[in-house]
Amino acid sequence: MEGMSYQRFPKVKIRELKDDYAKFELRDTDASVANALRRVMIAEVPTVAIDLVEIEVNSSVLNDEFIAHRLGLIPLTSENAMSMRFSRDCDACDGDGQCEYCSVEFHLNAKCRTDQTLDVTSKDLISADHRVTPVDFGDPAAYDGDQQRGIIIVKLRRGQELRLRAIARKGIGKDHAKWSPAATVTFMYEPEIHINDEMMENLTLEEKKAWVESSPTKVFDIDPNTGQVVVVDREAYTYDDEVLKKAEAMGKPGLVEIYAKEDSFIFTVESTGAIKASQLVLNAIEVLKQKLDAVRLSEDTVEADDQFGELGAHMRGG
Amino acid sequence: MGPMQVDEQDVDDKQKRAASVKSAVDKFQLVPEFLKVRGLVKQHLDSFNYFINTGIKKIVRANDRLVSTVDPSIYVWFKDVRIGQPSEIVSGVSEKITPQMCRLSDTTYYAPILVDIEYTTLGSRSEKTIMQKKNATIGKMPIMLRSCCCVLYGKDEAELGRLGECPLDPGGYFIIKGTEKVLLIQEQLSKNRIIIDTDKKGNINASVTSSTELVKSKTVIQMEKGKVYLILNQFVKKIPIMVVLKAMGMESDQEVVQMVGRDPRFSALLLPSIEECASLDIYTREKASEFLEGKVKRSTFGSPSNQEGRALAILRDVFLANVPVSNNNFRPKCLYVGVMLRRMMEAMLNKDAMDDKDYVGNKRLELSGQLVSLLFEDLFKTLITEAQKAIDITLGRPSRASRFDPTSSVLNKDIITHGLRRTLSTGNFDVKRFKMHRKGMTQVLARLSFIGSLGHMTRISPQFEKSRKVSGPRALQPSQWGMLCPCDTPEGEACGLVKNLALMTHVTTDEEEGPLISLCYCLGVEDLEVLSAEELHTPYSFLVIFNGLILGKHRRPQHFSNVMRKLRRAGKIGEFVSIFVHEKQRCVYIASDGGRVCRPLVIADKGISRIKEHHMKELLDGVRTFDDFLRDGLIEYLDVNEENNALIALYEGEGTPDTTHIEIEPFTILGVCAGLIPYPHHNQSPRNTYQLCRMDTLLYLLVYPQRPLLTTRTIELVGYDKLGAGQNATVAVMSYSGYDIEDAIVMNKSSLDRGFGRCIVLKKYSAIRQKYENGALDRILRPDRTGPGAERVQILDDDGIASPGEIIRPNDIYVNKETPLETGGPINSSADPKDCKYRSAKQTYKGPEGETCVVDRVALCADELSNLSIKLIIRHTRRPEVGDKFSSRHGQKGVCGTIIQQEDFPFSERGICPDLIMNPHGFPSRMTVGKMIELLGGKAGVSCGRFHYGSAFGEPSGHADRVETISETLVKHGFSYSGKDFLYSGITGSPLQAYIFMGPIYYQKLKHMVLDKMHARGSGPRVMLTRQPTEGRARNGGLRVGEMERDCLIAYGASMLIFERLMISSDPFEVQVCRVCGLLGYYNHKLKAGICSTCKNGNNISTMKLPYACKLLIQELQSMNIVPRLKLAEA
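First to last, the protein sequences are chains A and B. Residue numbers are given in this note's numbering: position 270 of the first sequence equals residue 270, and the series is strictly consecutive. Residue numbers are given in this note's numbering: position 289 of the second sequence equals residue 289, and the series is strictly consecutive.
It is worth saying that the hints were derived from the structure and are not from the lab. Everything numeric in this text was worked out from a predicted model, so none of it was measured. Each hint should be verified, as a subset may be incorrect.
30 Å max Cα-Cα, derived BS3-like pairs, lysine-lysine [unchecked claim]:
(1) B:846 with A:245
(2) B:972 with A:252
(3) A:218 with A:261
(4) A:174 with B:1007
(5) B:617 with B:584
(6) A:291 with A:208
(7) B:201 with B:216
(8) A:209 with B:972
(9) B:201 with A:155
(10) B:846 with A:174
(11) A:246 with A:123
(12) B:972 with A:23
(13) A:174 with B:980
(14) B:351 with B:218
(15) A:291 with A:18
(16) B:972 with A:155
(17) A:261 with B:351
(18) A:261 with B:980
(19) B:96 with B:79
(20) A:155 with A:13
(21) A:155 with B:79
(22) B:972 with A:18
(23) A:23 with B:79
(24) A:246 with B:972
(25) A:18 with A:218
Covered stretches of chain B, going by a simulated chain A footprint (3 or more residues, C-beta under 8 Å) [said to hold, decoys possible]:
(26) 752-758
(27) 963-977
(28) 983-997
For the chain A half of the interface with chain B, some residues (derived, Cβ under 7 Å), not all of them [to be verified]:
(29) 34
(30) 39
(31) 59
(32) 61
(33) 62
(34) 65
(35) 176
(36) 177
(37) 186
(38) 191
(39) 228
Every residue gets a Cβ at the ideal spot worked out from N, C-alpha and C, and that includes glycine.
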């Protein structure tokens, strides 16, 4: 075994990719790496979210903090968040977070003048920067364009008014969940299923059926032609052990063997819409890389991390 | 083969059960219909309405004439009385008021009591004219919200909204001086009934608490050492009962024996009493009267002429006052005593015949209407006597003004208004006329949560003192079934004494007696008058007792009661009249009095329900109402006593041929609060009770309230789904981080960021612009925004009051008020207000440091004395922090132990990440299986999109989902049937070793929050007297090293620490001590030396430190002529 090396080259295979959804395989690596990627996606990929609200008029039923909190949770498109500055280390505005490099201003101006209830939604937020706008969930295919008007902030009755100025800043999910770009990030170990064909053959059709049914998810099926039990969807298996228990209960332990592959993971990433799911993964890798760079840098010199601005902040801020 | 068979049987069984459930008529719909008719606090409203419509008229009619004793032709006659519209007289004009106005302006929500009167006036030349007056006001009556005189009565949702009232608010309380007051339901032993029990010495007592319009008395007949005595307050000693009977005209001993019954055992028991009477040499009525005369308590005052014949008068009016005596015919009373004696004898021979005081059938509930009516009666009588006195004085005066109008002393008096308001606001009922002295009858309505206030209104306050260490009244009575909630009682001293009404309970109001009595006679009751003593207890005949009064006897009691019941079902007599055949006592009890608890039941004929499918369909279609069911004889109300004559099946299918009634729904045995717990019947019972105690400590205002995923029918009926007080949290039952021991919970930071458990706390601050004796007035100034302290006035408007929406910080001024220096003295209106000198009385806000509180609302209104009162509501939005308290609905509370980042939380491969983690050790010892089922049901609910139900005992009737079906749903949606999930660690990414039980559970935030409790102090305020640090958080007090802590330190030998804690950090003080006389001297600053004032020199002065409290003690002792001397030695 001369050329045998333990060095591994992780591979990614994309299964499915939509704007807000991605499913991919990550192979030839450890749970630690997979988990690091997941954690970074949730907590450390920066986005932009409303952080400061100045309310001018609020005669709605919800109070100021309530509305401010709701505004904060609206996802904003943050494609350029990676290149934005954190307001705390922005040189242009001395960290008060009101300049164009580190913040985006929004205005909201709504007044209900009719007897009908007025829904104030994220669409009513007017952005000063066209790149940072409330995420548009409008899926013209699924809804009538008018009906789905973004995220409702508050409902106004006749005569009620809401006027405010909001400032969005860059941040990470660690500080507040509103900056997290991920709706769901999860992975699972890829299962490996071996059916003991010999034993399976000995089962009657009823027994096979009962056994197949015992899994809460549809992992196995019976081929209608051959009457053989086949694995339909390996990944539907949720490690629930139901089939194993069933096999044991039927007096056939070892009917099937299921292992989790320790080195391959199936990731599911859903984005809030702030950034595309694919971008989320890439940004996460980028952030991870920066963190590793920072570690290497800090070995050389402690002072060096001042040079790396954002990176240094990452290091210091954790 | 074996297991297969079992399976088949199982399936068969299930199908059969399913079929039987289907065939049974679903009577659930009756419950909402009942609540629509009766409402949740209908007991209060009904009784108050009864008082307003009937009771008040009766009281006034009974005392309708006010005649002057000086000149009987001068009179005031109250012809009619009614309650007007809630209104207030503002500068002479009557203005309508709404409850919300009263709450805001701290006034009372009341309506004028209007009377029509006829009276005579004296003209200037003493000529008399009879005058009429309509709608004259004699006082003001606080109005119960939503009662028939309330402005909210019969209003729909939109109208209520316009009046500023919540449509879901049940009403049933009063508003007194701006606070909402509930008159608690009072539990009492029933009046006018014979109760047999034993006293402390084991003597058998028969007692009757009589209560008529005129007299209230208590009569006790006691068996002591084999002899029977009468105990009555008006007699100094115990009176042998035979003497009493003889005095009432029953001279023959034989008749007495016959009256008690011919049974030789009875006669034997009676013999000692008869012998005693003979030994006293009393054989005739006259002798007996004479004997009694000697035993009457002589009142110290009162004319002696009155005293003659008093014994007879007492026997007539006080002794068994509920039995009427007409034309000095004492026979009914004698027979009543006979029945009492017989019951005593029976009890003696057979202990089972003893009455149980805790039996709900022997209890009456006094509702707010009755209590207010009592108060009103007292005040009205006082008003009349006072007025009469005033009239007599005026008429008696020789030189009175020529014209005289008697109404001036009756009308527009404050006796009634003030009396009612004072009593309701303090809750101290002090009605001397009825010997009633009770405290704490009213309480401020608990408004912490919707359910809390609902529960408050169904609460029953006990008759006994809470301190009594007895178990009997605290125990759960079987007769409480369906009437009083078995779960809902507080923990601690009032446990079991304070009760709550069940969901379908109705409390009766008084009903007209006359027609019922004559009906009884018509149905063949043989009148007592015509019966001989012998005939009283003939076999096969039952006594008929109506509201505690013996009417007579009936030879066919079963037939009689059947006819009466038929009449009731036909609606010919009131639906709440109860007919109860007591086989053992051989009596038929008929009751129509108020305060009995009763509940509706479905009538069954030979075990077959009268309600059929089509009836329910008609109900659903809206063509049939609850009252129609009642009228058609499908449903009837049974009180606790009559329930003893019924055989009630829980479900329709369980009926046997003997079944007479069927329950409407089993979950109605629980009250409003207990109904909110899902699957309470799977929990260990104290857990449910703990949960209920917690109900009223919920919280202030939740930011994102949710409807529980696992609801119950009661939740829907009560409207809790519209006014939720918690959130559905995804709970993982696992151990995590070690910060979850002892019921602590671990929370997900991202969930908190997204609004979980966020709540708004509102606090009221108020300021009054006082008007003073001398006409001076507080003033509120425009703030000076430039001078020193300008930063403290930032939030003030130009009017000197904080403006809404401003962030308020500690030490900010919210009302820039000044008060005049001179407030007493005569009114000097002429003086220019500018001349007055003022001192600053700025109102500053003291709140938690570093929190952003906001002025929510500012209200200006006039208070009762028409001073300007300013109310500020300050709002604080709080997110949960470590130490805040949360609770599920199963009596499982826990504090937040730590808050952890989402990425560190475990996750499933579906991406589900829990909101909070609960330690599994919370389960085994508490046995809250209901919580586990709630989790399963909630999980199934979110996955299939249907709210699941968990009503109490609801599985057979389909009001609670079964675990099997829930599991099926879970499996269908790809979850494990057991509710367990396969989770990965968020920290390492590797799978957790066990499957984790995870799913949504409804969690509520409790009002105990760290922010309100945390407290620390370095140096701070001290008490003036002792110079020691103050006590308590509110005064920024110090933390006390108490006796036990001190003992620990002594034992440890940490003397310097004790010294520091007890002296240095507390109240060190330097004193000058004279070494010669040992007394305290003083320090003379001019001479810069200590001087002993006793020795008059400064030669032997030492300076030392001691606690100020010690110095104080020495001086206080000196003031009492005790000389403590200090002997100093060199250390």
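Checked hints:
no. : hint              : in the structure
1   : B:846 with A:245  : 64 Å, violated
2   : B:972 with A:252  : 25 Å, holds
3   : A:218 with A:261  : 20 Å, holds
4   : A:174 with B:1007 : 28 Å, holds
5   : B:617 with B:584  : 43 Å, violated
6   : A:291 with A:208  : 52 Å, violated
7   : B:201 with B:216  : 26 Å, holds
8   : A:209 with B:972  : 16 Å, holds
9   : B:201 with A:155  : 72 Å, violated
10  : B:846 with A:174  : 33 Å, violated
11  : A:246 with A:123  : 53 Å, violated
12  : B:972 with A:23   : 24 Å, holds
13  : A:174 with B:980  : 29 Å, holds
14  : B:351 with B:218  : 24 Å, holds
15  : A:291 with A:18   : 28 Å, holds
16  : B:972 with A:155  : 38 Å, violated
17  : A:261 with B:351  : 78 Å, violated
18  : A:261 with B:980  : 22 Å, holds
19  : B:96 with B:79    : 26 Å, holds
20  : A:155 with A:13   : 45 Å, violated
21  : A:155 with B:79   : 56 Å, violated
22  : B:972 with A:18   : 27 Å, holds
23  : A:23 with B:79    : 87 Å, violated
24  : A:246 with B:972  : 17 Å, holds
25  : A:18 with A:218   : 25 Å, holds
26  : 752-758           : holds (count 4)
27  : 963-977           : holds (count 6)
28  : 983-997           : holds (count 8)
29  : 34                : 6 Å, holds
30  : 39                : 4 Å, holds
31  : 59                : 10 Å, violated
32  : 61                : 12 Å, violated
33  : 62                : 9 Å, violated
34  : 65                : 4 Å, holds
35  : 176               : 5 Å, holds
36  : 177               : 4 Å, holds
37  : 186               : 4 Å, holds
38  : 191               : 10 Å, violated
39  : 228               : 24 Å, violated
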